[in-house]
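Number of protein chains: 2
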Amino acid sequence: MATSCQNKKQSSSIMVSEHWTPWHQVRNETWMPTYKPDSEFSMANFPLGIVSHSDEPRERVATILGEEVIDLRILTTALDVSTLKRLFPGLGITVARLCATFSESTLNEYAELGRHVHRIVRKGLQDLFRIDTPFPEILRDNSNLQKECIFHQTQVRMLVPMQIGDYTDFYAGYHHAYHVGVMFRGPDNALQPNYTHLPVGYHGRASSIVVSGTPIKRPIGQILVDQEKKQPVTEPTRKLDFEVELGAFITKPNKMGEPVSIEDAQDYIFGYVLLNDWSARDIQSWEYVPLGPFNGKNFASTISPWVVMADALEPFRTTPIENKTEIQKYLRETQKKSVYDIELEVDITTAEGETTTIGRTNSKFLMWSFPQMIAHHTLNGCPLRSGDLLGSGTISGPGGADERGSLLEMSEGGKRNISLNGGDLRTFLKDGDTVTLRGVCGTTEAGKVGFGQCEGRIRGAVKWSSN
Amino acid sequence: MATSCQNKKQSSSIMVSEHWTPWHQVRNETWMPTYKPDSEFSMANFPLGIVSHSDEPRERVATILGEEVIDLRILTTALDVSTLKRLFPGLGITVARLCATFSESTLNEYAELGRHVHRIVRKGLQDLFRIDTPFPEILRDNSNLQKECIFHQTQVRMLVPMQIGDYTDFYAGYHHAYHVGVMFRGPDNALQPNYTHLPVGYHGRASSIVVSGTPIKRPIGQILVDQEKKQPVTEPTRKLDFEVELGAFITKPNKMGEPVSIEDAQDYIFGYVLLNDWSARDIQSWEYVPLGPFNGKNFASTISPWVVMADALEPFRTTPIENKTEIQKYLRETQKKSVYDIELEVDITTAEGETTTIGRTNSKFLMWSFPQMIAHHTLNGCPLRSGDLLGSGTISGPGGADERGSLLEMSEGGKRNISLNGGDLRTFLKDGDTVTLRGVCGTTEAGKVGFGQCEGRIRGAVKWSSN
Numbered sequence: 001m002a003t004s005c006q007n008k009k010q011s012s013s014i015m016v017s018e019h020w021t022p023w024h025q026v027r028n029e030t031w032m033p034t035y036k037p038d039s040e041f042s043m044a045n046f047p048l049g050i051v052s053h054s055d056e057p058r059e060r061v062a063t064i065l066g067e068e069v070i071d072l073r074i075l076t077t078a079l080d081v082s083t084l085k086r087l088f089p090g091l092g093i094t095v096a097r098l099c100a101t102f103s104e105s106t107l108n109e110y111a112e113l114g115r116h117v118h119r120i121v122r123k124g125l126q127d128l129f130r131i132d133t134p135f136p137e138i139l140r141d142n143s144n145l146q147k148e149c150i151f152h153q154t155q156v157r158m159l160v161p162m163q164i165g166d167y168t169d170f171y172a173g174y175h176h177a178y179h180v181g182v183m184f185r186g187p188d189n190a191l192q193p194n195y196t197h198l199p200v201g202y203h204g205r206a207s208s209i210v211v212s213g214t215p216i217k218r219p220i221g222q223i224l225v226d227q228e229k230k231q232p233v234t235e236p237t238r239k240l241d242f243e244v245e246l247g248a249f250i251t252k253p254n255k256m257g258e259p260v261s262i263e264d265a266q267d268y269i270f271g272y273v274l275l276n277d278w279s280a281r282d283i284q285s286w287e288y289v290p291l292g293p294f295n296g297k298n299f300a301s302t303i304s305p306w307v308v309m310a311d312a313l314e315p316f317r318t319t320p321i322e323n324k325t326e327i328q329k330y331l332r333e334t335q336k337k338s339v340y341d342i343e344l345e346v347d348i349t350t351a352e353g354e355t356t357t358i359g360r361t362n363s364k365f366l367m368w369s370f371p372q373m374i375a376h377h378t379l380n381g382c383p384l385r386s387g388d389l390l391g392s393g394t395i396s397g398p399g400g401a402d403e404r405g406s407l408l409e410m411s412e413g414g415k416r417n418i419s420l421n422g423g424d425l426r427t428f429l430k431d432g433d434t435v436t437l438r439g440v441c442g443t444t445e446a447g448k449v450g451f452g453q454c455e456g457r458i459r460g461a462v463k464w465s466s467n
Numbered sequence: 001m002a003t004s005c006q007n008k009k010q011s012s013s014i015m016v017s018e019h020w021t022p023w024h025q026v027r028n029e030t031w032m033p034t035y036k037p038d039s040e041f042s043m044a045n046f047p048l049g050i051v052s053h054s055d056e057p058r059e060r061v062a063t064i065l066g067e068e069v070i071d072l073r074i075l076t077t078a079l080d081v082s083t084l085k086r087l088f089p090g091l092g093i094t095v096a097r098l099c100a101t102f103s104e105s106t107l108n109e110y111a112e113l114g115r116h117v118h119r120i121v122r123k124g125l126q127d128l129f130r131i132d133t134p135f136p137e138i139l140r141d142n143s144n145l146q147k148e149c150i151f152h153q154t155q156v157r158m159l160v161p162m163q164i165g166d167y168t169d170f171y172a173g174y175h176h177a178y179h180v181g182v183m184f185r186g187p188d189n190a191l192q193p194n195y196t197h198l199p200v201g202y203h204g205r206a207s208s209i210v211v212s213g214t215p216i217k218r219p220i221g222q223i224l225v226d227q228e229k230k231q232p233v234t235e236p237t238r239k240l241d242f243e244v245e246l247g248a249f250i251t252k253p254n255k256m257g258e259p260v261s262i263e264d265a266q267d268y269i270f271g272y273v274l275l276n277d278w279s280a281r282d283i284q285s286w287e288y289v290p291l292g293p294f295n296g297k298n299f300a301s302t303i304s305p306w307v308v309m310a311d312a313l314e315p316f317r318t319t320p321i322e323n324k325t326e327i328q329k330y331l332r333e334t335q336k337k338s339v340y341d342i343e344l345e346v347d348i349t350t351a352e353g354e355t356t357t358i359g360r361t362n363s364k365f366l367m368w369s370f371p372q373m374i375a376h377h378t379l380n381g382c383p384l385r386s387g388d389l390l391g392s393g394t395i396s397g398p399g400g401a402d403e404r405g406s407l408l409e410m411s412e413g414g415k416r417n418i419s420l421n422g423g424d425l426r427t428f429l430k431d432g433d434t435v436t437l438r439g440v441c442g443t444t445e446a447g448k449v450g451f452g453q454c455e456g457r458i459r460g461a462v463k464w465s466s467n
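Protein chains in written order, with full-length UniProt numbering: chain A, 1 to 467; chain B, 1 to 467.
Extracted from the complex, chain A is given alone in its bound form:
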């Protein structure tokens, strides 16, 4: 591949071959000496994030390979135009325009360049780091540049990677919707009549989306402790929960008033992150009729810092949960493998440091794909913008408590205790607990594609006098 690229005319207007597949596998080997091939940030990944580090505290774009973070601003600033054109051939834009996006404090500008550019950049990075790199002089044999642009991951601070205009959370996790429905309405009426006809969703809060590692303060709220009295109290939530979700970032805007077709929807996705949509179940259950969740959700949502490019997940496509309903035309996909086979895990680590993996699920347990969510979201002409975040909704598996994506389900609304290593029990989260989501697909041989960690530790509520 690399050789043929080099043989092409080095014009920035060359388009890559239509037969070139973005998920073409490179061998999972690199010249980078610290690399361990079982890393989730393998040669098959190259996610993007926003970092700052002590050398240059201004935010910039970076990628990660193994445990090494590569500062793309420093890297590309050090290279001349002809070198950049060899590394990233056929962009269709100037390399100056590409490189300018690496100096931004969010990935929005880079995202807007479109998936054609993202493909070429990801392949260029793979070519740069592969064991048989066709460009040894750029970085492999340039130890000065390596020292300038490569940082161990412990040396950098990760930031929220995109400026999030709007955040929409869907409810596409079929088993979650079913389990919760059974709890509230029994098995015969578990799912609402609309559930299999459209991807139900609601608008979340963009301002409270934080990056992994940010502490989460236990929210205060109105709670109906005594269901009979109908008189709420104002207290810290007693039912603080997590939700295991996959999040998708939008890459480019659609014009207001113009729906995105299901065929085009894939091109509107930039990449994916893990998403923990923290929830206060007692606040939510009192407030949510008739307009939906509000204070029970909008105090915080945590995302993993590295955006896994949509192309990196292409080899892991699989079929979603079967929907037997005859769905409307605008939601019908020709791509039947419309979801991803990503193994998801959730840990609780107690204040004492005991960690328990309490849930294992998979991102394939969705009834609606992200392209379907996009087609539905824009059916009415609603404008999406670069950096908008779509959440899948909580993803639970079909099995028992240990396959579920929230404590609400695992504890059956607080009725059943969950045992943790070290002997602790939980129904909902305690102050001092840390919740960590992880998501990985692929093998060591081909190179794992993982998301890193999405974690948050619960802090005690603010001091409060109820009356």
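If you are wondering where the hints come from, they were derived from the structure by calculation, not from laboratory data.
C-beta: ideal position from N, C-alpha, C; glycine also.
Any given hint could turn out to be false.
Stated by the list, open to error - Okay, the calculated beta carbon distance ranges per label pair:
id	chain 1	residue 1	chain 2	residue 2	range
1	A	432	B	416	55 to 63 Å
2	B	440	A	317	33 to 41 Å
3	B	400	A	415	24 to 32 Å
4	B	231	A	399	41 to 49 Å
5	B	36	A	57	37 to 45 Å
6	A	332	B	289	22 to 30 Å
7	A	289	B	153	42 to 50 Å
8	B	465	A	317	24 to 32 Å
9	A	253	B	402	37 to 45 Å
10	B	465	A	463	36 to 44 Å
11	B	231	A	289	23 to 31 Å
12	B	465	A	38	49 to 57 Å
What the hints assert, rightly or not - Here are the simulated EDC-like cross-link-like pairs (lysine to aspartate or glutamate), alpha carbons at most 20 Å apart as the crow flies:
id	chain 1	residue 1	chain 2	residue 2
13	B	230	A	188
14	A	230	B	188
15	B	463	A	258
16	B	463	A	263
Unchecked claim - Beyond 12 Å from chain B on every Cβ pair, some chain A residues (computed):
id	residue
17	155
18	203
19	258
20	328
Fit chain B to the supplied structure of chain A, relying on the hints for placement.
Only chain B this time, still in chain A's reference frame:
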């Protein structure tokens, strides 16, 4: 007032007297020759907006007096520092910092300067234009500067005035909530148990907020036409509606995790606009269970372009609808006149040009004030940001159909026709209809404070094949 200001030491750190009331009335007279004293943009108003005009197409901050738009970028750029300090004494910030905000393409930077600055600027503008201006040399006697910075309102283009991070729509219009509740659940269960305990709200869509004058395309959506069949169709909405609301812009952020007290909440409000939260009732009724409105709302919301400063509404405070429930401490206000007496009207103008005022209501018909909404919204630590928009929810009066703020209520869900001038009938909106909201308070003598128009014309849906 002006004289005493001039006598003060001209330091930027001077604070205005605590006894100075922001809503101190100036006489409703100006030296501006075109001014008509019955204008809603009177000497008592001075709202702010973002404009562009052919002389200088870049967006900038402006105000309006009568029909004349004053470009604050051009005005303040033409003045030297000592003149600016005389005009705006006691800012507590440098005049350079103030003036920089007038060159921004949104009001966010200006809003973040805080209400102390907003007060001084509004008073400075009143002093500059009053008939007995203490600063005749700055503008009254400077016809060159007048020509440079004053434009007739027909010469400027108005833009969305703020970068809106998050948009929250409440449901505080008591009579609307009650009317709609009666339609769906009968009079005994019209209001949900939580309604009188907390200001119910939900997250809206920020990306589809447009400025008055923007055409609104009829949205396509899933509709359950045949309630028995339980099989939806995908069609242009048949029940397109408006909602008459008041919107409040947030002026400064609170820190994530830190609630805003009800005492402090007023200081978080920058100003107010009219808000038409367009709604597709048939899409909404099929989709909204269990997570609330989505595609039935997020295709468009229209706001009036001029932000009426919170201080300009101070003389029009009145009491909200009485809430007999004992509310939680964090929602109890010492300011009993917590809402505004703004007369609201809604017109429909048909494609043929016939205009009918179909509804008259008042912004005082709220059960929850904006400070209560802010205290509730942030109770759980949810961070607000400068430029966030809060909607009141639809505001209906206690009387008949002609006092209601939506066609849903006026037509009783489509059962009753509304007669228009020219003989047309409506249950919901037709293509070609223009909906115009207006809101005004005050008298010609004291100076009216109005919002201008908030209007949108309905365009036909995109071409669509259902199957």
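Right, here's what the structure says about each hint:
Between residue 432 of chain A and residue 416 of chain B the CB atoms are about 59 Å apart, so this pair conforms to the stated range of 55 to 63 Å. For residue 440 of chain B and residue 317 of chain A, the Cβ-Cβ distance of about 58 Å falls outside the hinted range of 33 to 41 Å, so the restraint is violated. With their beta carbons about 50 Å apart, residue 400 of chain B and residue 415 of chain A fall outside the hinted range of 24 to 32 Å. The given range of 41 to 49 Å is broken by residue 231 of chain B and residue 399 of chain A, whose C-beta atoms sit roughly 32 Å from each other.
Between residue 36 of chain B and residue 57 of chain A the Cβ separation comes to about 56 Å, which falls outside the hinted range of 37 to 45 Å. For residue 332 of chain A paired with residue 289 of chain B, a C-beta distance near 24 Å keeps the hint of 22 to 30 Å intact. Remark: the range hint 42 to 50 Å for residue 289 of chain A to residue 153 of chain B is upheld by a beta-carbon distance near 44 Å. One distance hint, 24 to 32 Å for the beta-carbon pair residue 465 of chain B and residue 317 of chain A, holds here, with the actual separation near 28 Å.
A hinted range of 37 to 45 Å for the beta carbons of residue 253 of chain A and residue 402 of chain B is consistent with their spacing of about 40 Å. Taken as a hint, the range 36 to 44 Å is violated for the pair residue 465 of chain B and residue 463 of chain A, whose Cβ atoms sit roughly 60 Å apart. Judged by the Cβ atoms, the range 23 to 31 Å given for residue 231 of chain B and residue 289 of chain A holds: they are separated by roughly 27 Å. At about 50 Å, the CB distance of residue 465 of chain B to residue 38 of chain A agrees with the hint of 49 to 57 Å.
Our distance criterion of 20 Å between C-alpha atoms is met by residue 230 of chain B and residue 188 of chain A, whose separation comes to about 16 Å. At most 20 Å may separate the alpha-carbon atoms for a hinted pair to count; residue 230 of chain A and residue 188 of chain B meet this at roughly 16 Å. Between residue 463 of chain B and residue 258 of chain A, the direct Cα distance comes to roughly 10 Å. Compliance with the 20 Å bound is thereby established for this hinted pair. For the hint pairing residue 463 of chain B with residue 263 of chain A, the CA-to-CA distance comes to about 17 Å; that is within 20 Å, so the pair holds.
No beta-carbon of chain B comes within 12 Å of the beta-carbon of residue 155 of chain A; the shortest separation is about 26 Å. With a cut of 12 Å on Cβ distances, residue 203 of chain A falls inside the contact zone with chain B, its closest approach being about 4 Å. Non-interface call for residue 258 of chain A relative to chain B: violated, since the shortest CB-CB distance, roughly 7 Å, does not exceed 12 Å. Here residue 328 of chain A does not stay apart from chain B, with its beta-carbon only about 5 Å from theirs, under the 12 Å limit.
Of the numbered hints listed earlier, those contradicted by the structure are 2, 3, 4, 5, 10, 18, 19 and 20.
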